Structure formats: C-alpha cells, structure tokens
Amino acid sequence: MAALVNIQDLRVAFSGVPVLRGVDLALQKGEAVGLVGESGSGKSVTWLSALGLLPRQATVTGSVRLDGRELLGAPASELDQVRGGRIAMIFQDPASALNPVLTIRKQLCEALALHRDLQGNAVKAEARRLLDLVGIPDAGRRLEAYPHEFSGGQVQRIMIAMALAGNPDVLIADEPTTALDATIQAQILELLSSIRREFAMAMVLISHDLGVVAENCDRVAVMYAGRIVEQAPANQLFADPVHPYAQGLIGALPPLDGPRRRLTAIPGTVPDPAKMPDGCAFAPRCAMAAEACNLAAPPLAPIANDRVVACIRAEASRRALLGIAAE
Amino acid sequence: MGRYLAIRFGRAALTIVLVVTFAFVVLRLSGDPALMILGPEAPPEVLAAFRKAWGLDDPIWFQYLDYFGAIAKGELGRSMRDGRPAIELVLERIPATLALTLPAFFFKVALGVPAGIYAALHRGSAIDRAVMMTAVAGFTVPSFVLALILVLVFAVQLGWLPSGGQDSWRHAILPIATLSLGGAAVLARFTRSAMLEVLGQPYIRTASAKGVPWRKVVTSHALPNAAIPTVTILGFMVGTLIAGAVVVESVFSWPGVGRLLVVAVANRDLAVVQCILLLVAMTMVTSNLVVDFLYGFLDPRLRAKGAHA
Amino acid sequence: MSPPLVEVSAISRSYSMRSGMFGRATAVHAVDGVSLTIPKGETLGLVGESGSGKSTTGRIVLGLEPPDRGEVRFDGKPMAAPGTPAWRAQRARMQMIFQDPLGALDRRLPVATQIREPLDIHGIGTPAMRDERVRELLRAVELTPAHGARYPGALSGGQRQRIVLARALATNPDFLVCDEPVSALDVSIQAQVVNLLCDLQAQLSLTLLFISHDLRVVRQISNIVAVMYLGRIVEIGSADDLFARPEHPYTQALVSASPAPGRRSAGRIVLAGDPPNPAARPQGCAFHPRCPRAIARCASEVPALSTLSGDRQVACHLVTGAQARDAA
Numbered sequence: 019m020a021a022l023v024n025i026q027d028l029r030v031a032f033s034g035v036p037v038l039r040g041v042d043l044a045l046q047k048g049e050a051v052g053l054v055g056e057s058g059s060g061k062s063v064t065w066l067s068a069l070g071l072l073p074r075q076a077t078v079t080g081s082v083r084l085d086g087r088e089l090l091g092a093p094a095s096e097l098d099q100v101r102g103g104r105i106a107m108i109f110q111d112p113a114s115a116l117n118p119v120l121t122i123r124k125q126l127c128e129a130l131a132l133h134r135d136l137q138g139n140a141v142k143a144e145a146r147r148l149l150d151l152v153g154i155p156d157a158g159r160r161l162e163a164y165p166h167e168f169s170g171g172q173v174q175r176i177m178i179a180m181a182l183a184g185n186p187d188v189l190i191a192d193e194p195t196t197a198l199d200a201t202i203q204a205q206i207l208e209l210l211s212s213i214r215r216e217f218a219m220a221m222v223l224i225s226h227d228l229g230v231v232a233e234n235c236d237r238v239a240v241m242y243a244g245r246i247v248e249q250a251p252a253n254q255l256f257a258d259p260v261h262p263y264a265q266g267l268i269g270a271l272p273p274l275d276g277p278r279r280r281l282t283a284i285p286g287t288v289p290d291p292a293k294m295p296d297g298c299a300f301a302p303r304c305a306m307a308a309e310a311c312n313l314a315a316p317p318l319a320p321i322a323n324d325r326v327v328a329c330i331r332a333e334a335s336r337r338a339l340l341g342i343a344a345e
Numbered sequence: 003m004g005r006y007l008a009i010r011f012g013r014a015a016l017t018i019v020l021v022v023t024f025a026f027v028v029l030r031l032s033g034d035p036a037l038m039i040l041g042p043e044a045p046p047e048v049l050a051a052f053r054k055a056w057g058l059d060d061p062i063w064f065q066y067l068d069y070f071g072a073i074a075k076g077e078l079g080r081s082m083r084d085g086r087p088a089i090e091l092v093l094e095r096i097p098a099t100l101a102l103t104l105p106a107f108f109f110k111v112a113l114g115v116p117a118g119i120y121a122a123l124h125r126g127s128a129i130d131r132a133v134m135m136t137a138v139a140g141f142t143v144p145s146f147v148l149a150l151i152l153v154l155v156f157a158v159q160l161g162w163l164p165s166g167g168q169d170s171w172r173h174a175i176l177p178i179a180t181l182s183l184g185g186a187a188v189l190a191r192f193t194r195s196a197m198l199e200v201l202g203q204p205y206i207r208t209a210s211a212k213g214v215p216w217r218k219v220v221t222s223h224a225l226p227n228a229a230i231p232t233v234t235i236l237g238f239m240v241g242t243l244i245a246g247a248v249v250v251e252s253v254f255s256w257p258g259v260g261r262l263l264v265v266a267v268a269n270r271d272l273a274v275v276q277c278i279l280l281l282v283a284m285t286m287v288t289s290n291l292v293v294d295f296l297y298g299f300l301d302p303r304l305r306a307k308g309a310h311a
Numbered sequence: 070m071s072p073p074l075v076e077v078s079a080i081s082r083s084y085s086m087r088s089g090m091f092g093r094a095t096a097v098h099a100v101d102g103v104s105l106t107i108p109k110g111e112t113l114g115l116v117g118e119s120g121s122g123k124s125t126t127g128r129i130v131l132g133l134e135p136p137d138r139g140e141v142r143f144d145g146k147p148m149a150a151p152g153t154p155a156w157r158a159q160r161a162r163m164q165m166i167f168q169d170p171l172g173a174l175d176r177r178l179p180v181a182t183q184i185r186e187p188l189d190i191h192g193i194g195t196p197a198m199r200d201e202r203v204r205e206l207l208r209a210v211e212l213t214p215a216h217g218a219r220y221p222g223a224l225s226g227g228q229r230q231r232i233v234l235a236r237a238l239a240t241n242p243d244f245l246v247c248d249e250p251v252s253a254l255d256v257s258i259q260a261q262v263v264n265l266l267c268d269l270q271a272q273l274s275l276t277l278l279f280i281s282h283d284l285r286v287v288r289q290i291s292n293i294v295a296v297m298y299l300g301r302i303v304e305i306g307s308a309d310d311l312f313a314r315p316e317h318p319y320t321q322a323l324v325s326a327s328p329a330p331g332r333r334s335a336g337r338i339v340l341a342g343d344p345p346n347p348a349a350r351p352q353g354c355a356f357h358p359r360c361p362r363a364i365a366r367c368a369s370e371v372p373a374l375s376t377l378s379g380d381r382q383v384a385c386h387l388v389t390g391a392q393a394r395d396a397a
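Respectively, the protein sequence lines represent chains W, V and S.
For the first sequence, my numbering gives the first residue as 19, with consecutive numbering after it.
For the second sequence, my numbering gives the first residue as 3, with consecutive numbering after it.
For the third sequence, my numbering gives the first residue as 70, with consecutive numbering after it.
Keep in mind the hints are simulated off the structure, nothing from the lab.
Being a predicted model, the structure only gives us computed values, none of them experimental.
Watch out, some of these pointers could steer you wrong.
Chain W residues, not near chain V, derived (Cβ > 10 Å throughout) [to be verified]: (1) L22; (2) S57; (3) L69; (4) R101; (5) G138; (6) A181; (7) E208; (8) R215; (9) D275; (10) P277; (11) R278; (12) G286; (13) D290.
Below, computed lysine-lysine pairings styled on DSBU-like, alpha-carbon distance capped at 30 Å [claimed, not checked]: (14) K54/V / K75/V; (15) K142/W / K218/V; (16) K124/W / K218/V; (17) K146/S / K109/S; (18) K142/W / K124/W.
Where is the CB? At the ideal position from N, CA and C, for every residue including glycine.
Could you build all of it, start to finish, from the sequences and the hints given here?
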C-alpha cells in the first residue's frame with residue numbers, strides 16, 4: 019500500500035544550524051504513529067516543516083509527499099488547501115493557541131468556510147455540531163464566547179473541533195496534553211482516540227511522554243538530535259527496545275507498580291545542534307559506544323519486520339534475532 | 003461597571019487638579035509677574051499697584067483657593083498683559099494649532115502604521131532595516147533640529163517653501179512635515195514591535211495550520227491583536243493635539259497655542275498659562291479615558307470581565 | 070518509625086480573590102484542614118492537580134506564609150514568628166527547591182557565588198572553608214568546579230537544578246521542600262535528578278516534602294504519599310501500597326489516568342468535568358460532582374479522613390474500614 023504521507027531525508031536548518039538531520043517516515047491511511055523524544059529532538063519541527071509552518075529563516079530540504087504530491091516548495095495556495103483540509107494540526111499550549119480577540123464561532127467557521135462547501139446557516143450549524151462532538155456543553159451559546167472563557171481542557175477540545183472542520187485525513191497532535199492536568203489529559207486522549215476511530219483519520223501523536231505514546235499509537239518512532247533512531251510497533255518497542263537511547267528513555271521512566279528500582283539515567287545532555295558529533299549523535303552519552311560509533315552516523319536499517327534502528331550495535335541484535343529464528 | 007467608571011473619572015479629575023496645582027505653585031515661585039510684565043525699570047509704587055490689582059500680594063494658599071473658586075464658577079481669569087479673558091486668548095489660537103496638528107496626526111498614522119506593519123512582515127529585509135533606521139533617526143533627532151534641517155533644505159537651499167509665518171497653506175507644509183516625521187517614526191517603531199510580538203504568538207501558527215491564507219492571517223488574526231498596544235500610543239498622540247506643537251510653532255513662528263504658551267510663560271502671565279495647562283491636562287486625560295474604553299472594545303478579555311461580574 | 074521532624078496540624082489558608090475587574094471578592098480556600106506528619110529521614114510525597122493546594126501547603130510548612138488556622142511544628146517546636154532570630158535559625162534548617170531553576174538563580178552571577186551565598190549570609194566558616202564547602206557541594210550534585218565558574222545561562226536545565234540543589238544544601242538543612250523540582254526537565258535528565266535526590270537523601274538523612282503532579286516520580290522518591298483535591302487530603306498511605314491499591318475514587322482515577330508503556334487505554338477511568346476550581350468548591354465532598362460512585366450523602370456531608378487499615382487513611386463516605394474489607 020502506498021503511504022499517505024511519505025517523508026524522505028527531511029532536513030531543516032535554522033540560520034545554518036541543523037536541527038533536523040535527515041528524517042524518513044511514512045504514514046499509512048488511518049494509522050496512529052507516535053513520535054517521542056526530548057526537547058530539541060526535532061519531533062515538532064518535522065511536521066511544522068512538512069506543512070511549511072516554520073519561519074522563513076529555516077531552510078528545509080528533502081521530500082514530503084502527500085498522496086504522491088510534493089509539499090515542499092508547493093505554491094502557497096496549494097499548501098493552504100492541504101493545511102487543515104488534508105492535514106490538520108493541534109498544539110501544546112491551549113491558553114495561547116486560539117486568537118484571544120475572536121469568538122469561537124469566528125474561528126471555527128473560518129476553518130469551515132475554507133475547506134467545506136457550506137453556505138450561510140449551514141456553516142454555523144456545522145460549527146455547533148462539531149462543538150457538540152468534542153463534548154463542549156451548551157454548544158450553541160458557547161459559540162459566541164471568547165477563548166479566555168474556557169478552561170485549558172475545553173480549549174483543547176475546541177482546537178480538536180477546529181481540526182476536524184476540514185475533514186482531514188491526518189491529525190498531527192503536537193504535545194496535546196502536556197499542559198493539562200492528569201484527569202483532563204485522560205479526557206483529551208480518549209476524545210482523540212474515539213474521534214480517530216469515527217473519522218478513520220491517521221494520527222501523529224508527538225509527545226515527550228512515553229506512556230502517552232505507547233497507549234495511543236500503533237507504531238512509535240524515537241527521535242534523538244534531529245534523527246529517528248528507532249522505529250517499531252508500540253508494544254515491541256516498549257517490551258524490547260534495541261537502540262541504547264530508546265532503552266535509556268524507557269529505563270529512565272519510574273515504574274508505577276512493582277518493586278522500585280534505581281532509574282537508569284542517561285548521563286550527560288543532548289549535544290548542542292551547532293556542535294554535533296561526527297558520528298552517532300548519541301555516542302557521547304552511550305554506555306555501549308565503541309570506536310566505530312564516532313566515525314559515521316549509522317543509517318536506519320531494518321532489524322526485523324516493521325522495525326528499523328540506527329545503531330551499529332543493532333547489526334548484532336539482528337543477527338541474534340535471526341539466529342534465534344533459525345534455531 | 004458603574005463603580006469602575008466612577009473610579010476612572012475620579013482618577014482623571016484628580017490628575018487635572020494635580021497638574022493645575024503643580025503649575026500654579028511653580029509659576030508663582032519662579033518669578034514675579036509684575037516685574038516680568040512691567041519691566042525692571044518700573045517704579046515700585048506701580049509694581050505694588052499691579053500686584054494688588056491681581057491679588058499677587060495675598061498669601062499663596064489664599065490665591066490658590068481663590069483660583070479654584072473662580073474655576074468652579076467657570077472663570078479662568080484674565081491675561082495680565084491686555085486684560086482680556088484668558089480663555090478667549092487661548093480659544094482664538096486653537097484653530098491655528100489644529101491646522102498643523104490634525105493633518106500631522108493624519109500623516110503620522112498614514113505613514114507610521116503601514117511602515118511598521120510592513121517592516122514587521124518583512125523582518126530582516128532591506129526595507130525593514132531602512133524603515134527602522136529612518137525611524138530611529140526620526141525618533142532621536144529633536145524636532146527643532148529636524149525643523150531647522152527642513153528649513154535649511156527646502157527654504158534656504160531650494161527656496162521652494164517659506165521658512166516661517168502663516169500667510170498661505172504653503173507656510174504650513176514644513177511645520178506639518180516636521181511634526182509628522184517625528185510622530186511617524188515613533189508609531190512605526192511601536193507598530194512594528196507590536197506586530198512582531200503578535201506574529202510570534204501560537205494562535206498565528208494555529209491560523210496558518212488550518213489553511214488560512216497568509217494575507218488573511220495578517221489582516222484578521224494579527225492586526226486586531228497588534229491594534230491593542232498601538233492604540234495606547236495613538237491615544238497619547240491625540241492628547242498632544244492642543245499643545246504638542248510648542249517647539250515647531252516657535253521655530254516657524256506659527257501663531258498657535260504653543261507660541262502663546264511660550265510667550266505667556268516668559269511673561270509669567272499666570273492666567274493664560276494656567277488656562278492652557280488646564281486645557282492640555284483635560285485633553286490628555288480625556289484621550290486616556292477614550293483609550294481605556296477602546297481597550298475594552300478591542301480586547302474581549304477586558305470587556306467580558308465587566309459584562310459577567 | 071522515627072520521631073516526626075515536621076508536624077502539620079489542621080492548617081487552613083484562604084485568599085480573597087476578585088473575579089475580573091468588577092467582580093466581588095470571594096474567598097478561595099486554597100488549603101483546608103490539612104494535617105501531615107513527616108518522620109525524620111523520610112519523604113512525604115504530595116500529589117494533586119493544579120488548584121489542589123499542594124504548593125500552598127508547601128509554602129506554609131516552610132513558613133513562607135502563615136496559616137489562617139492550624140499549626141506547623143518543626144522538630145517538636147512551633148514555627149517562630151517570621152523575622153525573629155529563632156525563625157532564622159529554624160529557616161536555616163529548612164530549604165526549598167522550585168520547578169524553575171532559572172528563575173531561582175541570578176543570571177548575572179557565577180553559580181559558585183550563588184551556592185556560597187547562604188554561607189556568607191549565615192556567616193558559616195572562614196572564607197577558605199566556604200570555598201572548600203562550595204567545591205564539596207558541587208561534587209555532591211555531581212558537577213565540577215568548572216561548572217561553578219559558569220553563569221546560569223551557560224548551563225542546561227538539569228545542571229541548573231543541581232546548582233539550586235547545591236545551594237539549598239549549603240547550610241546543611243534537615244528538611245527540604247521540593248515543589249515540582251523535575252517537572253520542567255526531559256525524561257533522561259529527570260531520572261538523573263531523581264536519582265541524585267534519592268542518593269543525597271540517604272547520605273545526608275534529609276527529610277523531604279516532595280510536591281509533584283507526576284505520580285511516577287512521587288512514587289519513586291517517597292515513603293508516604295498524600296493525595297490532595299481542592300485543598301484537602303483525600304487519601305494518604307505508604308507509597309507502594311497507595312498506588313497499588315488506591316481506595317479513594319479520585320486516587321483511583323489519577324492512578325488509572327497515568328499512562329504506562331505496555332498497557333492500552335482500555336479500562337481507564339476517565340473522569341468527567343473540568344479540573345476543580347478552588348473559587349467554586351462544591352458542597353459536601355469536593356470531588357462528588359466528578360465522582361463516578363457518588364451517592365446523595367456525598368453532596369451534603371464532607372467526609373473526614375479516617376483510618377482504613379495500618380497507615381492508610383481515606384476521606385470518602387464509600388470507603389470505610391469495614392466496607393473496604395467486605396468488598397475485598
């Protein structure tokens with residue numbers, strides 16, 4: 019099956035400093051893919067650059083295809099059709115994600131007018147239906163309210179309603195629950211998953227929270243310093259991470275049950291994008307780094323079905339896996 | 003809402019009282035009007051008679067109470083120089099001043115706001131840098147220097163325009179240009195930074211992400227938000243319409259309120275000075291009030307608080 | 070169990086808050102009748118969502134603001150009046166760490182100078198001893214003297230939090246209040262700081278009040294955990310037991326809402342409604358409007374915190390010792 023969105027060798031630099039250093043990622047129709055990584059790993063930049071939402075100082079190269087059509091360098095009019103219409107995006111900070119001086123109705127109807135063939139009263143009726151759908155009580159009256167009159171969780175619901183306005187094929191959720199309290203996060207995640215089922219939408223969930231991604235995605239890509247270092251089905255990645263960074267991330271997460279163990283902290287810090295090491299970007303922090311790791315950055319290579327890892331040690335893992343399979 | 007209004011008006015009234023009081027005290031402590039108007043050679047008995055006639059030998063607190071009592075009756079006093087009511091003298095000068103400040107206000111807005119918006123939208127471009135350099139120059143060069151430069155170039159060197167006076171509309175061009183350029187520079191800088199601040203906000207990215215064309219993102223999402231801080235500076239400029247041209251009127255010998263003020267201060271013509279200051283304080287305070295209510299109109303976060311409480 | 074270092078009895082604190090520019094002032098009960106006991110050398114974790122009053126509790130315990138009612142006793146003695154010498158002596162024994170290390174540090178001073186500052190203020194040791202103490206503190210938080218020479222802006226978030234920790238430890242305090250100390254840090258760095266805190270606590274036999282919204286981090290570091298909702302403690306118990314068998318419906322929802330790798334979201338308790346608003350606290354049990362199990366009594370009567378079994382206390386009409394045992 020041809021991928022719905024196909025990202026190849028996507029690179030982004032801000033004023034010459036590389037922040038995205040060759041990302042390959044394919045998104046199939048209707049699937050939920052998680053992107054995890056720490057701040058600065060490039061998980062948000064990947065999708066902002068794909069949709070042309072980065073400031074002009076950013077130089078973007080590579081290829082992002084939607085149904086085979088190239089998005090990078092596409093004319094503005096074509097991109098405006100894609101944004102919101104084919105690929106919608108919601109963001110982290112609900113408090114500032116909506117325009118404070120416009121009513122919810124204006125902002126929702128704006129999206130409907132852009133992407134749907136609706137006239138007059140039908141626009142407002144559809145706006146009300148969408149608010150209902152995302153669980154805003156008393157939708158008809160609340161349409162006339164301003165963003166500051168809603169709580170953070172409600173604003174995120176409105177953002178989701180706005181994203182749905184264009185009947186998109188893909189929803190990019192960029193840290194959608196990071197700013198919310200635990201019980202509200204659970205509400206929003208549940209809303210996202212029920213809407214995804216209902217609309218048969220593909221979803222990219224960008225999060226620093228491994229638990230959030232693991233529970234809500236089919237497939238997970240782990241990013242580090244502007245690259246994907248491991249990609250695998252969610253359950254396999256968390257049961258059996260191969261890349262030392264993925265192992266480190268999972269080990270750094272305190273368990274909520276079972277015996278307490280000392281956390282396996284990853285030493286050091288993320289490398290400065292302006293002074294990226296020549297070889298594997300993780301090598302300076304990696305307990306298993308060898309001489310060869312500092313020579314060249316390892317490419318993403320398949321180690322099993324649906325699993326790719328960028329680590330020279332993964333070759334050994336793959337042989338081990340194959341060896342076990344042969345026996 | 004009623005309480006809020008009462009507080010605002012109360013504060014405005016207090017501001018006016020403070021301005022008038024300050025002027026009253028400073029003027030009376032800084033020189034003797036009798037000496038200023040009659041000259042140092044005037045005989046002592048004439049000076050004494052003058053002081054008695056104008057109540058200048060009363061204790062200062064008595065003069066002060068007297069003054070406020072008169073204001074309460076709507077009397078703003080008479081000019082010590084020619085005995086005419088001060089308010090008359092001031093009012094007859096206002097049209098001349100407005101003939102400069104109103105067109106200047108229009109040009110400030112027409113030049114400064116678009117320049118600021120354009121610079122913000124093309125941040126870092128050659129045009130942005132040019133706009134900002136001009137703006138910094140217009141911002142830092144004092145208006146009398148700018149006025150003299152304009153006179154030097156357009157009146158002295160090129161001989162296109164008169165250097166002073168009030169005989170035809172051509173005489174107004176250089177004063178208006180002086181006032182406009184300085185104000186436009188301030189506005190351009192202000193608008194640019196307000197616009198840049200807004201363009202960096204997440205809701206601008208949200209609008210782009212839902213497919214709103216960039217032109218519309220700017221007009222319907224960025225501008226309404228950037229208008230909120232810009233209104234502050236516009237309000238301040240409205241407040242200076244009456245007395246904002248003191249320097250320019252002096253340089254171009256334009257017979258407006260500003261020149262009247264300069265002459266009246268030099269002569270310690272107390273009633274005239276106080277009348278002008280009262281007027282200035284009132285326009286300032288009024289424009290501030292208007293700005294406050296405009297905020298409520300532009301920013302629903304302020305408006306809604308009032309409506310729901 | 071060791072004797073208590075900190076005893077908090079029935080503290081309450083309310084603020085008057087105006088809703089909007091024109092609104093009437095309403096009393097917001099940030100903390101309402103909170104009692105806690107922290108034994109020497111142990112860590113009490115305080116969890117709750119925004120508006121639960123956990124940070125206010127931390128500030129009251131530390132004497133940064135006075136309670137309206139109730140009392141805080143430190144090492145057997147009541148907190149002295151702020152500004153007195155006795156208060157200063159007590160305060161030197163207790164320190165606080167906040168979420169935002171950059172806000173807690175002065176950007177214009179090298180960090181070593183800032184670690185040294187409390188020693189200078191309290192006149193501890195000779196200048197040479199103080200320099201040595203700064204090096205020792207930097208080592209304790211796993212940094213080098215080279216880090217000490219830098220300015221806060223030149224350090225990473227995790228390093229800055231270590232500096233704040235080193236400064237807090239400078240006066241050899243017995244008690245540390247940590248308010249969301251690792252919430253702003255990335256997972257891998259968070260683990261470094263959590264491990265460091267655990268190590269230092271063991272080495273220096275510190276007593277900790279650890280405030281966080283993150284259940285995982287709280288469990289990792291705490292012996293006892295108290296769950297707060299709208300200014301009250303709804304459940305308290307030993308960390309492992311509380312998260313393994315939460316009794317209060319709110320604790321159950323919190324535990325269930327915490328996502329875990331390897332578990333799908335099926336069977337999760339999703340609470341309806343908005344996060345609690347301290348300015349409009351519901352009558353009766355504050356949690357009842359969102360509680361999936363609420364009965365009529367919950368809307369009228371505030372449940373008291375009562376002992377369930379062992380060290381577990383729960384404030385819920387539906388959970389009493391007998392009922393819970395029967396149900397189990």
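*Structure versus earlier hints - violations, ascending order*: 3, 4 and 6
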